[in-house]
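Based on the hints, put chain B in the right spot on chain A.
Sequences listed follow chains A and B, in order. Numbered according to the numbering used here, the first sequence spans residues 1 to 325. Numbered according to the numbering used here, the second sequence spans residues 1 to 259.
I should point out that these hints are in silico values taken from the structure, not numbers from a laboratory. Possibly wrong hints are sitting among the right ones.
Each computed DSS-like pair below joins lysine-lysine, with the alpha-carbon atoms no more than 27 Å apart [as the list claims (entries may be wrong)]:
hint : chain 1 : residue 1 : chain 2 : residue 2
1    : A       : Lys236    : A       : Lys257
2    : A       : Lys130    : A       : Lys75
3    : A       : Lys249    : A       : Lys303
4    : B       : Lys199    : A       : Lys2
5    : A       : Lys31     : B       : Lys213
6    : B       : Lys68     : B       : Lys87
7    : B       : Lys74     : B       : Lys87
8    : A       : Lys130    : A       : Lys249
9    : A       : Lys257    : A       : Lys303
10   : A       : Lys2      : B       : Lys182
11   : B       : Lys199    : A       : Lys31
12   : A       : Lys2      : B       : Lys74
13   : B       : Lys68     : A       : Lys2
14   : B       : Lys199    : B       : Lys213
With the C-beta cut set under 8 Å, the calculated list includes, among others, these residues of chain B facing chain A [what the hints assert, rightly or not]:
hint : residue
15   : Leu47
16   : Val162
17   : Phe191
18   : Ala222
19   : Arg225
20   : Arg229
21   : Leu254
Here a beta-carbon is modelled for each residue, glycine too, at the ideal position from N, C-alpha and C.
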Amino acid sequence: MKWLSDQALDRLRAAAEMPDLNGTGYALLDKLGEGGMGGVFRVQDTTLGRQVALKVIGIIDSNGELSARLLREAKIIARLEHPGIVPVHDVGTLPDGRVFYTMKLVQGQRLDQHAAELGGVPERLRTFQKICEAVSFAHAHDVVHRDLKPQNIMVGRFGEVLVMDWGLAKLLNTRTAMDAENIGTEKAPDEQALGTDTGHGVILGTPGYMAPEQARGEVAAIGPRADVYSLGAVLKFLLDGAGSGPTPKALAAIAGKATAEDAEQRYGSVEELASDVAHYLDGLPVRAYPEGPIRRAWRWVIKNRAWILLIVAYLVMRALFILWR
Amino acid sequence: MSPIARSHTMQDDIHLRLRGPGTFPATRWSLIVAARSTHSEERQRALEVLIAAYWKPVYKYIRLRWEKDNEQAKDLTQDFFFQLLEKGFLATYDPQRARLRTFLRVCVDRLVANEDKAARRLKRGGEVQFLPLDFESAEGELRSAEIPSPERMDDFFEREWVRSVFSLSLERLRQECETRGKQTHFRLLEFYDIDEGGKELTYEQVGRQFGLKISDVTNYLAYARREFRRIVLEQLREMTGSEEEFRREARTLLGVDAP
Chain A
1 MKWLSDQALD
11 RLRAAAEMPD
21 LNGTGYALLD
31 KLGEGGMGGV
41 FRVQDTTLGR
51 QVALKVIGII
61 DSNGELSARL
71 LREAKIIARL
81 EHPGIVPVHD
91 VGTLPDGRVF
101 YTMKLVQGQR
111 LDQHAAELGG
121 VPERLRTFQK
131 ICEAVSFAHA
141 HDVVHRDLKP
151 QNIMVGRFGE
161 VLVMDWGLAK
171 LLNTRTAMDA
181 ENIGTEKAPD
191 EQALGTDTGH
201 GVILGTPGYM
211 APEQARGEVA
221 AIGPRADVYS
231 LGAVLKFLLD
241 GAGSGPTPKA
251 LAAIAGKATA
261 EDAEQRYGSV
271 EELASDVAHY
281 LDGLPVRAYP
291 EGPIRRAWRW
301 VIKNRAWILL
311 IVAYLVMRAL
321 FILWR
Chain B
1 MSPIARSHTM
11 QDDIHLRLRG
21 PGTFPATRWS
31 LIVAARSTHS
41 EERQRALEVL
51 IAAYWKPVYK
61 YIRLRWEKDN
71 EQAKDLTQDF
81 FFQLLEKGFL
91 ATYDPQRARL
101 RTFLRVCVDR
111 LVANEDKAAR
121 RLKRGGEVQF
131 LPLDFESAEG
141 ELRSAEIPSP
151 ERMDDFFERE
161 WVRSVFSLSL
171 ERLRQECETR
181 GKQTHFRLLE
191 FYDIDEGGKE
201 LTYEQVGRQF
211 GLKISDVTNY
221 LAYARREFRR
231 IVLEQLREMT
241 GSEEEFRREA
251 RTLLGVDAP
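Okay, chain A solo, but in the shape it has when bound (with noise of 0.2 Å):
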């Protein structure tokens, strides 16, 4: 038998993984990454001539649960049209059975990767205003997103921003027939394990962005209030990376209200976290951090400090055309 040194056992493994692409109308051209499921490779679409990427499962699906969870992530994403969120071209089944589907290729980085060539302050709360807007559209289609974190952010080329890997996505139980019909009966895992009336099931997320709830299996019990703790947790990663001295004390409460342990004391929804974030940035009050008197009568002064200069400079000219009389 031949012996393997260990850097041929390497690329045998990464051989092993790459997908058969005979019969599907795409050739294979190289691994983009790891997702929760299975790989994701770039591939060229052969009729229509351009890139794309393919998610495929990993080769390990005895029972069909893995093919189930892709097909379902395949037909949340295409539900959620929305300039945040990476649009799903094609679903299809490999030679060897595996399910894939192919989605838009997006040129750029990941947030985490990303996050050292953002700005200041400002341009690091407008990216976080995006990832917002993606997440609220998810919210008011009652998908839940459940594993947002730096790594499942893109950021384009052009500043713009999607949300990725939606393999953990929860239903909430709003759904009209025809989602329920298009979404198919298939739970996302926790569900699946337990069945959501127990109220406890299997933990999926990532530590350190799972909400609390989440972290400890509380499947009923996760909302979009779970999605507000893990965006607390992104702004949080977003605002540590500013490196401009400390965090503004506003900022820091939004961060603290987001990722509240008790989910009753976060935001209530995605637009009200964003909302707060806009008015930092408008230099208007936010709600996660109540002011005194005189740091209210302060903001106030700046606000109106062009009325106010404009008041002071004719009070001065006046009071020296008297003196001067």
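The following block gives chain B in isolation, referenced to the frame of chain A:
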């Protein structure tokens, strides 16, 4: 001639005998079940499969982790598998509690820790035959291996196990490709996916070298990769005790991220 075609050693004969298709029924966890069988022939065959995959990792582990010289390590490796064969060690294995790989490594540690040469020799007696294992090749591989630090010994055992399973799978793939007249498929896999520098060539350059069209290069490679994957996973099925262990070990072997 294929780069890996070479004269067979006694070790290869064991592998050929053990790894041929249909050695075990296609039931799940067949090796674990067969190893506990009341039929000694069935049990013996199961253990031989285990030996084929594990003897090199065990030998190298004893050499490095326990700092035994090669004669001591040979003796202990033989002892380990002898006890596995004769003492029914596997009967105590519980797939719910540990991976088979971990269980075997712990058994090796226990055996070496309780080393008592005289008693072992007495127990083994003169009638039991030594397993025909090619220790020289294992020793040669050790010479070119990077010696791991003591705290990395578990990783070392795992890596050697991966190497062993991949080598066995490749050998079986080579045999199957020969049987089906697909030697070029196998040679292409070796050239492009295993040998150093293969990936630096374009499919067109590879095609010229092998006298194939580009589409044939990709098709042949896809076939060989698919079959390799299948064989690795089949082996793994036999050597794992539960679906969960199978998935975890698949991740170790193939980097497959299955939950």
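Hint-by-hint comparison with the structure:
1. For the given pair, lysine 236 of chain A sits about 11 Å from lysine 257 of chain A by alpha-carbon distance, which is consistent with the 27 Å threshold.
2. The suggested pairing of lysine 130 of chain A with lysine 75 of chain A holds, with an alpha-carbon distance near 23 Å, which does not exceed 27 Å.
3. Among the hinted pairs, lysine 249 of chain A with lysine 303 of chain A is consistent with the structure: their alpha-carbon atoms are about 19 Å apart, no more than 27 Å.
4. Restraint check: the Cα-Cα separation between lysine 199 of chain B and lysine 2 of chain A comes to about 19 Å, which is no more than 27 Å; the hinted pair holds.
5. Simply put, lysine 31 of chain A and lysine 213 of chain B have alpha-carbon atoms about 23 Å apart, close enough for the 27 Å limit, and the pair holds.
6. This hinted pair checks out: lysine 68 of chain B and lysine 87 of chain B have alpha carbons roughly 24 Å apart, not beyond 27 Å.
7. For the given pair, lysine 74 of chain B sits about 19 Å from lysine 87 of chain B by alpha-carbon distance, which is consistent with the 27 Å threshold.
8. Distance restraint check for lysine 130 of chain A and lysine 249 of chain A: the Cα-Cα separation of roughly 22 Å lies within the 27 Å cut-off, and the hinted pair is therefore satisfied.
9. Between lysine 257 of chain A and lysine 303 of chain A, the direct Cα distance comes to roughly 25 Å. Compliance with the 27 Å bound is thereby established for this hinted pair.
10. For the hint linking lysine 2 of chain A to lysine 182 of chain B, the alpha-carbon distance of about 19 Å falls within 27 Å, and the restraint holds.
11. Restraint check: the Cα-Cα separation between lysine 199 of chain B and lysine 31 of chain A comes to about 14 Å, which is no more than 27 Å; the hinted pair holds.
12. Only pairs whose Cα atoms come within 27 Å are accepted, and lysine 2 of chain A paired with lysine 74 of chain B is accepted, the gap being roughly 21 Å.
13. About 26 Å separates the Cα atoms of lysine 68 of chain B and lysine 2 of chain A, which keeps this hinted pair within 27 Å; it holds.
14. Restraint check for lysine 199 of chain B and lysine 213 of chain B: satisfied, since their Cα atoms lie roughly 17 Å apart, inside the 27 Å limit.
15. Nearest Cβ of chain A to the Cβ of leucine 47 of chain B: about 20 Å, over the 8 Å cut. The hint is violated.
16. With a least beta-carbon distance of about 6 Å to chain A, the hint placing valine 162 of chain B at the interface is held under the 8 Å criterion.
17. Because the smallest distance between the Cβ of phenylalanine 191 of chain B and any Cβ of chain A comes to about 11 Å, over 8 Å, the interface hint for this residue is violated.
18. Against a cut-off of 8 Å between C-beta atoms, the interface hint on alanine 222 of chain B holds, since the closest Cβ of chain A lies about 4 Å away.
19. Below 8 Å, beta-carbon pairs count as interface contacts, and arginine 225 of chain B has one with chain A at about 5 Å; its hint therefore holds.
20. Hint status for arginine 229 of chain B relative to chain A: holds, with the closest Cβ pair at about 5 Å, below 8 Å.
21. Below 8 Å, beta-carbon pairs count as interface contacts, and leucine 254 of chain B has one with chain A at about 5 Å; its hint therefore holds.
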